[in-house]
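Here is how the chains run, residue by residue.
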Amino acid sequence: MADGDEAAQSRAKREQRPLVRFEAVSKHFGGVPAVDSLTLEIASGEFFALLGPSGCGKTTLLRMLAGFETPNKGRILLDGEDIADVPPHRRPVNMMFQNYALFPHLSVEGNIGFGLRQEKASRAEISERVGEMLALTRLQGFGPRRIDGLSGGQRQRVALARSLIKRPRVLLLDEPLAALDKKLRAETQFELMELQRKLGTTFVIVTHDQEEAMIVADRIAVMNHGRLIQVAEPSKIYEQPNSRWVADFIGEITLIPGRLAADGTLDSALGQLRIGSSVDLKTDATVWLALRPEKINMSAERPTGTVNSVAGTVFETGYRGEMSIYKVRLADRSLMKVSLANVNARRQAAFSVDDLVWLSWPPEAGIVLME
Amino acid sequence: MHSGDNGRSSRGIVLVPYLWLALFFLAPFAIVLKISLSQTALAQPPYLPVFDLSAGWAGVKDFAGQLSLDTYKLVGADTLYLLAYLKSLEIAAISTALLLIIGYPIAFGMARAPRAWQPLLVMAVVLPFWTSFLIRVYAWINILQRDGLLNEVLLKLHVINTPAAWLSSDTAIYIGVVYSYLPFMVLPLYATLEKIDESLLEAAADLGCPRRKTFWLVVLPLSLPGVAAGAMLCFIPIVGEFVIPDLLGGSETLMIGQTLWTEFFSNRDWPVASAIAVTLLGLLLVPILLYERLQQRSLEGGR
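For the record, the sequence lines run as chains A and B.
At position 119 of the first sequence (counting the first as 1) the number is 199 in the working numbering, and the numbers step up by one without a gap.
At position 214 of the second sequence (counting the first as 1) the number is 216 in the working numbering, and the numbers step up by one without a gap.
Just so you know, these hints were derived from the structure itself, not from any lab.
Backbone N, C-alpha and C fix where the C-beta goes; we use that ideal spot for every residue, glycine too.
There could be a bad hint or two in this list.
[Unchecked claim] Label pairs and their in silico Cβ distance ranges:
id, chain 1, residue 1, chain 2, residue 2, range
1, B, Phe217, A, Gly280, 30 to 40 Å
2, A, Arg170, B, Phe217, 17 to 27 Å
3, B, Glu294, A, Arg155, 51 to 61 Å
4, B, Leu122, A, Val112, 19 to 29 Å
5, B, Arg114, A, Glu271, 50 to 60 Å
6, A, Glu205, B, Ala95, 36 to 46 Å
7, B, Phe26, A, Val112, 29 to 39 Å
8, B, Lys215, A, Arg155, 51 to 61 Å
9, A, Ala164, B, Leu136, 50 to 60 Å
10, A, Glu271, B, Pro212, 46 to 56 Å
11, A, Gly280, B, Ile290, 31 to 41 Å
12, B, Leu156, A, Asp159, 53 to 63 Å
[Stated by the list, open to error] So the derived list for chain B, only partly shown, Cβ under 8 Å to chain A, looks like this:
id, residue
13, Asp208
14, Val220
15, Pro227
16, Ala230
17, Met234
[Unchecked claim] Rough simulated footprint, nothing fancy, chain B against chain A, three-plus residues with beta-carbon under 8 Å:
id, region
18, 163–170
19, 185–196
Chain B on its own, in the form it takes in the complex (with noise of 0.2 Å):
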């Protein structure tokens, strides 16, 4: 009797996690993904069909006879919201490169320092969060405005002769961009890093291995986990990105964030930043799916 209700219990608590993506995930989801396939109306909501249950069931066959894929044959037609994902691939893959090229030498360098000083180093890349995400973009606008302190320095030092203009530009994206995401790129990558086993390092050298060669050869396929964590970590929120692009990105460019932003909020058109924000998800799908399938081959690898 005891254990059936240990029983009973466990499987209450594995049900919890579904419970909340149930509820708070897949809902909206289902609500957005209804909206994505219902027709602009200048009405209260600004769509059609409205689902009315006093109607019945023929209500019900009524409204999903009205349901159509028009929406997104129109996000598909118009080459605005194409090249709108296009550029928002483009930044978040480039971002993610640049982010892996500065995080990992900062997380090998976290991993190598003395066992005293690493909680401290946690603690200086976890830092910035203190300070809300968008105060510290709106500080950028400052750094990096005509007369900002990037200006400044570069014109102190002579790099530069006459002040450059780096806000609404495609640099200034990278720049808030690989700001921002830095420390969720640093801390996978230090987490795995870590874990290495000094003895490693050690065999290898004893083995014929110099050490520039062990890194390549030991260090870096070992902490592929931590990169692959890292990407996605950054990836996939850099796609969606608003704020970033919207406060420090020039007028030409546009992310599919913004492009969703306005379509909702400018032309009041649900449906189609419903169809948007549908198809981002199902883009972001890939690299997710390509991950969790990563981590099963090497789980299955594990046993």
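Extracted from the complex, chain A is given alone in its bound form (with noise of 0.2 Å):
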């Protein structure tokens, strides 16, 4: 139901016209392409991730909607106006760098406050707006100390604000969060949606973590080869993906080839599987079935009533706390991942190397995908 709300959320904001429309824009380094004629729009107050592996054109993408590079071919629209002609100093989009970037030279309100002098604002509003930043930022009290005798955590905020201070259109972030550790990183990405939501600022954060951006983004583009693969809230990314490279790409996926059957069916290795209704295809194309993990049930015994079953031996088993991931070997000798929730604090691990077991799923709980 809440997944619900936020899709027609995000839909309502996009009805609205585009705050950023990138047209069919290319960008190439010495005859290597890095963006490859891209159209994307973002909308004004959405948080968008742009996501891929690394020299996918993510962060190109994100420096030409800065100005620091130029498109080769193309138009970025901001607003609905051609800002190619603008220098990345007269743009109303700030960016938060990977490195942040911070003046060494400068305090932490030196830092800040950067950006409000160049406005030539007043000595009392600078001070005034870097408060703000500061109390926003969790930094009181930092101000006047000096950039390197802060932690990884107290830099990223300093970056962080000095990028806010000019209330920029647009929020450029370039994995903002790559350089602290894992539990800190978790802590900023929830404080980063809450300040995207006080503020009303779009944000677009580039990142190649696909769990921080379905974590943080309202809408995420993946990208692969300067391309965009897949546009799309991150459930409909990760329950429906478009491709097998989406799909693997994010989370884990068993991908089973097959043939579509006349009955609709899905004729595989694994012998005729039931498949999801939605699907309206050819009969006789090759398809892939992709099913995640934790979708598969696993049990010793075979399960009756479920439509969907295949047998298996436990080839390799992973713990991770929450859950465990299951490797399981089956008949034609490929491998399926099934993960099961540690419900039972007591209790070991359910299955071990080896053991038989019987995977189940019902038909609606894999995708079928083309490409």
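Can you join these two chains into the complex? Each is in its own frame, and there are hints to help.
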């Protein structure tokens, strides 16, 4: 239900005129394409994530929006206006750099107030707004400190405050949490979301961490080789990836190749498998059934009443704390990934290596991918 | 036991530079200091008292009793020396300023050049060292003399109509000094400028700072350690410079190095020459200590 609300909200945001629009934008470096004829719209107030493996062009896209790179082809519109001729220092966007790029010769206050001083704001206004930013990023009392005396987390917050103080139309975040340790990163992700809701500023985050993108973003653009592969809400990207590549890139998945039979089942090496009714595909087409590990049930006995079930032996187990991951070797020698929540604190893992197990899932648990 | 050995050997390593300093700086300095406290004499060596070990403790006492600050009083009283000191400081200060003005853009350009070119550019800056310093200064005599290269070019370009007298002037000293010391200014500047992260300049632009202003607000402040290092590396040796003013300068300009040389070799007044040297060292300690304090402060800030 909450999911539906979120999706509706994010749709409502998009129905307004897009704040940022990339129009068939291409950028290459010495003949090597970094961004390839890409069209994308980002709505006002959205928390938008650019996700992809390193070298997929996501950072180049962000830097083009900031003005540090110029597209070779195409246009970038901000609020409906082409910003090609606007130099970086006049663009109403601010960036938080991956290495934070804090000025080592300035204090925390000096760094945060830098942007306002360029606007020739009055002393009183600068000190007031720097104070606001220090409070917003929980850095009260750190104002006069030197940058090199701060911890990684504190630096991250100074960088955030510095990029927010000018109240940019769009805040660009280039791998903003990459330098933090895992626990701090998880906390900061929620802080970022809260901050974004509070300010209503459009955030565009670049990350290679799919989990991070799914947690923070309203919408995710999955990129590879300079192209958009899928743009959708996190739950849609996860539950309904549009290709094997996306399915494999986001989370764990097992892909079962097969052919669509005339009766609407999937003819695979594991036998006839029933699939969800939502697919309308040509018979005989080669497709892949994608199954997330948590959607598969694992039992020692052959389950009754479930439609799809296959037998196998446990090949590998991985304990993750909240759940365990099992790789199960099936009759056709392929491996299927299954995850089970560790609900019982007393019991050890339910299955161990070489156990004979049955895997089963309802038809609607998997999705059929055509490419 | 092992760690004990290690401790001893590492302590030994720490001692090496001190030993070096004691042997090649402190000991000669003590000798110079002692001579500066002696009196001139027509003798071999040309000063009194002479340290006589055979007389034992009484000899040492007698020796110490004869030492005096008379020479320093003499150096202080004669305006010749004062003027030479002032002239040296003036030439060193102006030269250092010129070196900064010329060296900074060179270093900045080098640091902003494509990565692949940079080793080549550094090489080009160091290249003059392949030729002996003395020979290069002699070459300047050739260039600066009345029918030299400089006048020839200027006449051809109709900048001047009659050959100008470059040689034996302060201008010639400045040309020689700036030419000779440029690498010592450029290299430390380049080293600090090259380390400035490109993303800092992008961050400044992102926050609304135009390129030109970024230089004053970000690049220059971050390069100040390099400016200080380059200035020290040039200023201190220029104050004591002897070869350049002697070969290129006029007879009316006397730097302290030349005065010292004259006292030592022409007048054979070793005590006065030594007193000049000791005073010079005292003078130069001021900027060195200032620099040390500056470095100390930036190191403390780094923690």
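For each hint, the structure was consulted:
no., hint, verdict
1, B:Phe217 x A:Gly280: 30 to 40 Å, "holds (36 Å)"
2, A:Arg170 x B:Phe217: 17 to 27 Å, "holds (18 Å)"
3, B:Glu294 x A:Arg155: 51 to 61 Å, "holds (57 Å)"
4, B:Leu122 x A:Val112: 19 to 29 Å, "holds (26 Å)"
5, B:Arg114 x A:Glu271: 50 to 60 Å, "violated (38 Å)"
6, A:Glu205 x B:Ala95: 36 to 46 Å, "holds (42 Å)"
7, B:Phe26 x A:Val112: 29 to 39 Å, "violated (57 Å)"
8, B:Lys215 x A:Arg155: 51 to 61 Å, "violated (29 Å)"
9, A:Ala164 x B:Leu136: 50 to 60 Å, "holds (59 Å)"
10, A:Glu271 x B:Pro212: 46 to 56 Å, "violated (33 Å)"
11, A:Gly280 x B:Ile290: 31 to 41 Å, "violated (57 Å)"
12, B:Leu156 x A:Asp159: 53 to 63 Å, "holds (59 Å)"
13, Asp208, "holds (5 Å)"
14, Val220, "holds (6 Å)"
15, Pro227, "violated (10 Å)"
16, Ala230, "violated (14 Å)"
17, Met234, "violated (20 Å)"
18, 163–170, "holds (count 4)"
19, 185–196, "holds (count 3)"
Violated hints, in rising order: 5, 7, 8, 10, 11, 15, 16 and 17; the structure is consistent with all others.
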